[in-house]
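Asks: Following the hints, put chain E with the ligand in place on chain S, whose structure we already have.
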Amino acid sequence: MKSIIKKVVCLLVAIVLCDQTVYAYSSVKARVANKTITYKFGSFTEGIVNKWYLKYAWQNALSDWPNAYSRITVVQSSSTSNTLGMMNESSSYLYGSTEMDFYLTSGHIYYFFGKLNVGNPDITNTNVARSAANHELGHLLGIADLNSGNAIMNVNRNRSSIYVPQTDDVNGVIATYTTWGN
Amino acid sequence: MKKICNCLIIILVAVGIICGIVSAGNKTRHVVINDYAACTDLKQMHERAQFIVEGYFMPSTGTWNMARDDFDTSKESQKYYTEGLLYPFNVESVFKGSVPDTITIIQRHTDNYSGKTTVDDNYFDIDFYKKYIVFLYYNEEFDHYYAGFVPWAIKVENEVVYLEGVNEKSIIEDTITGNNYQAVLNVICP
Ligand SMILES: [Zn+2]
Chain S
105 MKSIIKKVVC LLVAIVLCDQ TVYAYSSVKA RVANKTITYK FGSFTEGIVN KWYLKYAWQN
165 ALSDWPNAYS RITVVQSSST SNTLGMMNES SSYLYGSTEM DFYLTSGHIY YFFGKLNVGN
225 PDITNTNVAR SAANHELGHL LGIADLNSGN AIMNVNRNRS SIYVPQTDDV NGVIATYTTW
285 GN
Chain E
-9 MKKICNCLII ILVAVGIICG IVSAGNKTRH VVINDYAACT DLKQMHERAQ FIVEGYFMPS
51 TGTWNMARDD FDTSKESQKY YTEGLLYPFN VESVFKGSVP DTITIIQRHT DNYSGKTTVD
111 DNYFDIDFYK KYIVFLYYNE EFDHYYAGFV PWAIKVENEV VYLEGVNEKS IIEDTITGNN
171 YQAVLNVICP
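Chains as they are written, first to last, in the numbering used here: chain S, 105 to 286; chain E, -9 to 180.
If you are wondering where the hints come from, they were derived from the structure by calculation, not from laboratory data.
Each hint can be trusted.
Here are the in silico distance ranges between beta carbons for each label pair: (1) S/T228 / E/V84: 25 to 33 Å; (2) S/N262 / E/K17: 33 to 41 Å; (3) S/S183 / E/L175: 53 to 61 Å; (4) S/S147 / E/L175: 42 to 50 Å; (5) E/D31 / S/N138: 37 to 45 Å; (6) S/G151 / E/L175: 48 to 56 Å; (7) S/S147 / E/R19: 22 to 30 Å; (8) S/T184 / E/I(-6): 47 to 55 Å; (9) S/N286 / E/V177: 47 to 55 Å; (10) S/S265 / E/E130: 23 to 31 Å; (11) E/D133 / S/T184: 39 to 47 Å; (12) E/L175 / S/N262: 25 to 33 Å; (13) E/E37 / S/N254: 17 to 25 Å; (14) S/R175 / E/K33: 35 to 43 Å.
Chain S is faced by these chain E residues, among others (derived, beta-carbon under 7 Å): (15) V22; (16) A27; (17) F61; (18) T63; (19) Y136; (20) G138.
Being a predicted model, the structure only gives us computed values, none of them experimental.
Glycine included, every Cβ here is placed at the ideal spot set by N, Cα and C.
Looking at chain S on its own, in the form it has when it is part of the complex:
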């Protein structure tokens, strides 16, 4: 009898744990309309100095998301004010930052400025920069930060090994648009 109770308890614990892994993502209402990221690039060069590696990181991320989930589209447009660029804060605290404005009723983002932090010593690592870029685009697609798990939205991820959107991130985006609509 005791062993049956033990087994049942173990099974319940396992179910709870599995549940957490499957549904780790966190959805928010603020998102770009129609899963479409319309953007232009900010400046990555001044005189003879350039930070092209940050632009490449954005470019990689802009193809990583549609590769992970084909319903996502990215559109480069010179007429938009939405920008993917950079910032400079001499600190290992920040990898990137995105400011955004959205309508409270629809949740649609009508302005964003995504930045990768050139002042973070780690960001010169190609995978780390790409990881940060994919994380910021994740925010535009309506998924929030996580503190654990195999996800690009996990702020405690290993950025040199988790640098493209993971299954959990894609599930999060699907949940966002299922919940709030396109």
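Replies: Chain E with the ligand alone, transformed into the frame defined by chain S:
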């Protein structure tokens, strides 16, 4: 005459409702979301920090723009203002690294982009009467110490410790809250 009055009232009410709906639909919000480095437990905090010290904060002596020019860190950014608060910190014990008796710690406070100010998610008010254990990095160029990840400060109240600057959804807090002072020292003392 009464008919006209009724019509006018109906029109005014309708216009009011439509304006209300339109303005509600146009209500907007500005947010800044950061991809910041985070630790999930004390062991990780101990490993990652360059310096771990214990002591007291003194009231802030000023502010400093943490947003620098994109291509020349020695100049402050002309586009953005990220307010950092500067505090002298009197060091009582050093658990990792080597630091002078008084250091300057900068705390990230607000972001100001496009004229809109937002408070950093991980900001907390410092209690000048309480002892803190802080996990720091050093910025050689500007000679100040800063948080290289969150959480970065533990408030000490007698034998009980509290993690500071951890937002409510965090799982980090659970691994330390309730720990007593000695338990923390057991992890961070070499
Ligand atoms: Zn984030």
